[in-house]
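*Asks:* Can you make the complete structure from the sequences, with help from the hints?
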Amino acid sequence: MAAVPTLAVFKLASCDGCQLTLLDCEDELLALAGRVRIAHFLEASSAVQPGPYDLSLVEGSITTPADAERIRAIRSASRRLVTIGACATAGGIQALRNFADVEEFRRTVYARPDYIDTLATSTPVSAHVDVDFELRGCPIDRRQLLEVVTAFLADRRPDVPDHSVCFECKRRGTVCVTVAHGTPCLGPVTHAGCGALCPAYGRGCYGCFGPSGSVNLPALIPVLQRDGLDDRDTERLLSTFNVAAFAAHDREPRP
Amino acid sequence: MPDTGQTALLDRAGLDALVAALTADGRTVVGPTVRDGAVVLAELDGADALPWGWGTELEAGRYRLVRRDDGAAFAHTSGPQSWKSFLHPQREKLWDVDRDAAGELTVCPARNEPPSYAFLGVRPCDLRAIAIQDRVLAGGHFRDDGYAERRSGAFLIAAECTEPGATCFCVSMGSGPAAEAGFDLALTELIDTGGHRFLVRAGSAEGARILDRVPSEKGDTTTSDAARSAVDAARDRMGRAMPPMDLRALLGASPEAERWDDVAARCLTCGNCTMVCPTCFCTTTEEVTDLTGDHAERWQRWDSCFDLDFSYLHGGPVRASARSRYRQWLTHKLSTWHDQFDSTGCVGCGRCITWCPVGIDITEEVNALAEEARS
Ligand code: SF4
Ligand code: SF4
Ligand code: SF4
Ligand code: SF4
Numbered sequence: 001m002a003a004v005p006t007l008a009v010f011k012l013a014s015c016d017g018c019q020l021t022l023l024d025c026e027d028e029l030l031a032l033a034g035r036v037r038i039a040h041f042l043e044a045s046s047a048v049q050p051g052p053y054d055l056s057l058v059e060g061s062i063t064t065p066a067d068a069e070r071i072r073a074i075r076s077a078s079r080r081l082v083t084i085g086a087c088a089t090a091g092g093i094q095a096l097r098n099f100a101d102v103e104e105f106r107r108t109v110y111a112r113p114d115y116i117d118t119l120a121t122s123t124p125v126s127a128h129v130d131v132d133f134e135l136r137g138c139p140i141d142r143r144q145l146l147e148v149v150t151a152f153l154a155d156r157r158p159d160v161p162d163h164s165v166c167f168e169c170k171r172r173g174t175v176c177v178t179v180a181h182g183t184p185c186l187g188p189v190t191h192a193g194c195g196a197l198c199p200a201y202g203r204g205c206y207g208c209f210g211p212s213g214s215v216n217l218p219a220l221i222p223v224l225q226r227d228g229l230d231d232r233d234t235e236r237l238l239s240t241f242n243v244a245a246f247a248a249h250d251r252e253p254r255p
Numbered sequence: 256m257p258d259t260g261q262t263a264l265l266d267r268a269g270l271d272a273l274v275a276a277l278t279a280d281g282r283t284v285v286g287p288t289v290r291d292g293a294v295v296l297a298e299l300d301g302a303d304a305l306p307w308g309w310g311t312e313l314e315a316g317r318y319r320l321v322r323r324d325d326g327a328a329f330a331h332t333s334g335p336q337s338w339k340s341f342l343h344p345q346r347e348k349l350w351d352v353d354r355d356a357a358g359e360l361t362v363c364p365a366r367n368e369p370p371s372y373a374f375l376g377v378r379p380c381d382l383r384a385i386a387i388q389d390r391v392l393a394g395g396h397f398r399d400d401g402y403a404e405r406r407s408g409a410f411l412i413a414a415e416c417t418e419p420g421a422t423c424f425c426v427s428m429g430s431g432p433a434a435e436a437g438f439d440l441a442l443t444e445l446i447d448t449g450g451h452r453f454l455v456r457a458g459s460a461e462g463a464r465i466l467d468r469v470p471s472e473k474g475d476t477t478t479s480d481a482a483r484s485a486v487d488a489a490r491d492r493m494g495r496a497m498p499p500m501d502l503r504a505l506l507g508a509s510p511e512a513e514r515w516d517d518v519a520a521r522c523l524t525c526g527n528c529t530m531v532c533p534t535c536f537c538t539t540t541e542e543v544t545d546l547t548g549d550h551a552e553r554w555q556r557w558d559s560c561f562d563l564d565f566s567y568l569h570g571g572p573v574r575a576s577a578r579s580r581y582r583q584w585l586t587h588k589l590s591t592w593h594d595q596f597d598s599t600g601c602v603g604c605g606r607c608i609t610w611c612p613v614g615i616d617i618t619e620e621v622n623a624l625a626e627e628a629r630s
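Going line by line, the protein sequences match chains F and W. The first sequence maps to residues 1 to 255 in my numbering. The second sequence maps to residues 256 to 630 in my numbering.
It cannot be assumed that every hint is accurate.
[Claimed, not checked] Residues on chain W that point at chain F, a partial pick, calculated with CB under 10 Å:
no.: 1; residue: A520
no.: 2; residue: V531
no.: 3; residue: T539
no.: 4; residue: V543
no.: 5; residue: L546
no.: 6; residue: G548
[As the list claims (entries may be wrong)] Reference excerpt, derived from the structure (chain W facing chain F, CB under 10 Å, subset only):
no.: 7; residue: A293
no.: 8; residue: L296
no.: 9; residue: R483
no.: 10; residue: T524
no.: 11; residue: A551
no.: 12; residue: D562
no.: 13; residue: D564
no.: 14; residue: H569
no.: 15; residue: G570
no.: 16; residue: P572
no.: 17; residue: A577
no.: 18; residue: W610
no.: 19; residue: C611
Think of the hints as simulated: they come from the structure by calculation, not from any bench. Quick reminder that beta carbons are idealized off the backbone N, C-alpha and C, glycines included.
*Replies:* Structure below.
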């Protein structure tokens with residue numbers, strides 16, 4: 001890496017929440033600003049420097065032909081490209097369109113549908129270009145973001161385990177909401193990273209970090225249903241910020 | 256530790272005085288208390304914090320607190336934590352290293368003065384589990400200094416079981432329900448016409464010394480006999496049992512069993528069973544660097560053989576399938592643990608059964624493996 005590495009932050013189809021996590025790193029932000037040259041970060045400054053960039057953080061999914069082009073340009077201007085958040089890593093909540101008729105939305109919602117130039121799907125960045133690392137979450141976790149940035153600055157592998165939320169839940173000493181309260185929880189199939197936030201407040205995990213590295217939905221769904229969810233509730237629970245990622249996993253056991 | 260033969264009777268006030276005496280000695284007293292719909296282990300500021308009048312109703316994958324009319328303090332089983340949460344904490348810093356302007360590295364061990372613990376209400380199965388972790392973490396070639404320090408200062412007050420849970424099977428693992436050794440004090444709770452009281456036995460000189468400082472009545476043979484028969488009755492009320500056979504040989508001979516496919520279809524590989532197990536000791540290390548690049552830290556945190564990364568070698572995990580990971584857990588607990596540490600790795604506490612979100616039952620799996628081996 002150059003003496004002072006450059007950092008760039010880009011946004012595609014997304015809510016800005018993940019970029020905001022970087023600004024939320026209040027204490028560490030000064031240290032970061034001392035270690036890298038922030039060359040492109042529109043949320044923080046309109047001063048933009050041209051690439052190439054040593055590390056690019058990309059938020060948001062690909063939903064337009066223009067963004068599909070743009071991500072190629074970002075990739076070729078970036079030594080390392082890290083995607084951040086459910087939109088960039090899984091297509092986000094907007095990937096609900098992948099399972100519906102986008103033409104119909106366009107006709108119903110917009111007064112001038114011909115102004116809207118959109119793709120039929122919302123896809124993760126990795127479906128378009130090579131990605132060096134995907135950081136999950138809606139939004140991402142501040143601590144994990146710092147770990148990823150620090151790791152890339154030190155040229156080491158980030159310590160971001162892809163086991164289930166249950167690991168973090170037990171390590172935190174939380175009483176399991178499924179076993180002790182009969183509350184439906186997606187923790188056993190969800191990627192760790194949040195520190196098991198929801199169960200610590202007595203509610204079930206709703207999967208905002210997407211599927212873990214080892215998912216068994218056919219084993220979990222009967223437990224969710226025992227605890228009161230019907231088929232429709234179950235599908236809704238699995239159809240939020242990571243809908244497309246959970247859709248890739250079987251609901252029924254394979255014959 | 257020798258049983259000193261000294262016995263005494265405490266009432267609720269006496270139990271409170273015991274906690275006060277331990278606290279006065281500078282100890283952190285940890286014991287069961289109710290939080291978030293379960294009996295958890297936490298620092299106690301007095302005996303009042305114990306779960307008086309709470310019992311537990313357990314099944315595979317299910318835990319509920321229930322009210323008890325008798326006001327018992329130790330009529331609950333199998334909470335979501337074990338004493339390892341304190342002796343072998345989930346995350347611990349091992350050392351720091353700093354690089355100065357000349358590039359010189361200075362490493363300093365990060366350990367603080369260990370707390371001096373007193374554990375109140377250690378079940379006989381958990382006494383056995385602590386002894387097993389002692390062998391693993393403090394007894395072998397690879398000593399965990401933090402564990403050894405915390406452990407050597409810990410004062411253990413056992414609570415014998417008179418109310419086993421539906422997921423308990425300590426009898427078939429030979430580790431309960433009576434406390435035989437490895438404690439400083441052992442309590443047996445008695446609630447009958449003689450009132451609500453605790454028979455206390457001293458198991459060490461330190462235990463006898465503390466007991467002397469607490470107002471108590473002398474133990475008598477009638478109470479001792481009542482305590483014995485309450486514990487003996489518990490022996491016959493175990494919720495579950497392992498098959499009466501050489502489990503080490505069974506698991507050693509079952510690597511290709513079909514049952515592994517059956518259980519793998521039900522297993523979430525969520526890791527809850529290993530996290531709640533009082534003997535599972537596995538950790539991974541975390542290397543933390545800061546943004547300056549001149550400061551790094553090494554931390555140790557709980558890991559589990561259900562984690563894909565646990566067996567990650569160059570190119571991928573060795574145990575990629577759920578089948579191979581569940582098999583690792585069960586085979587290590589019941590078979591290869593003997594090869595490594597000269598004992599079983601299971602004490603029959605039932606936690607892995609209760610706290611498995613889908614209720615996978617280690618005794619049911621082993622019975623099925625035994626059945627398959629017979630056929
Ligand atoms: S509360 Fe949810 S995340 Fe926590 S252990 Fe239970 S199932 Fe897992
Ligand atoms: S046996 Fe149960 S607790 Fe253990 S990993 Fe499988 S589903 Fe989780
Ligand atoms: S394997 Fe299960 S029953 Fe045996 S000691 Fe561990 S948690 Fe308890
Ligand atoms: S069963 Fe798994 S987590 Fe537990 S001690 Fe053995 S290898 Fe470690």
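*Asks:* None of the hints should be skipped; say for each whether it holds.
*Replies:* Results for each hint:
Look at A520 (chain W): its Cβ gets to within about 6 Å of chain F, closer than 10 Å, so that hint holds up. With a cut of 10 Å, the hint placing V531 (chain W) at the interface with chain F holds, because the nearest CB-to-CB distance is about 7 Å. A distance limit of 10 Å between C-beta atoms decides the matter here; for T539 (chain W) the minimum to chain F is near 8 Å, and the interface restraint holds. Taking 10 Å as the C-beta cut-off, the interface hint given for V543 (chain W) holds, the closest approach to chain F being about 8 Å.
With a least beta-carbon distance of about 4 Å to chain F, the hint placing L546 (chain W) at the interface is held under the 10 Å criterion. Proximity of G548 (chain W) to chain F holds as hinted, the smallest CB-CB distance being about 6 Å (cut-off 10 Å). Among the interface hints, the one on A293 (chain W) holds; its C-beta lies about 4 Å from the nearest C-beta in chain F, closer than the 10 Å criterion. Here the hint on L296 (chain W) is kept, as its CB sits about 9 Å from the closest CB of chain F, short of 10 Å.
Checking R483 (chain W) against chain F: minimum C-beta separation of about 33 Å lies over 10 Å; hint violated. A cut of 10 Å between beta carbons decides the hint on T524 (chain W): the least distance to chain F is about 4 Å, and the hint holds. A cut of 10 Å between beta carbons decides the hint on A551 (chain W): the least distance to chain F is about 9 Å, and the hint holds. Checking D562 (chain W) against chain F by beta carbon gives a least distance of about 5 Å; that is within 10 Å, so the hint holds.
Interface restraint check: D564 (chain W) against chain F, minimum CB-CB distance 6 Å, threshold 10 Å, status holds. For H569 (chain W), the interface hint is violated, since its Cβ never comes within 10 Å of a Cβ in chain F; the closest pair sits about 13 Å apart. The beta carbon of G570 (chain W) comes no nearer than 14 Å to any beta carbon in chain F, farther than 10 Å, and the hint placing it at the interface is violated. For the restraint placing P572 (chain W) at the interface with chain F, the shortest Cβ-Cβ distance is roughly 9 Å, inside the 10 Å limit, so the hint holds.
Because the closest C-beta pair between A577 (chain W) and chain F is about 7 Å apart, less than 10 Å, the hint holds. Below 10 Å, beta-carbon pairs count as interface contacts, and W610 (chain W) has one with chain F at about 6 Å; its hint therefore holds. With a least beta-carbon distance of about 8 Å to chain F, the hint placing C611 (chain W) at the interface is held under the 10 Å criterion.
When held up to the earlier numbered hints, the structure conflicts with 9, 14, 15 and fits the remainder.
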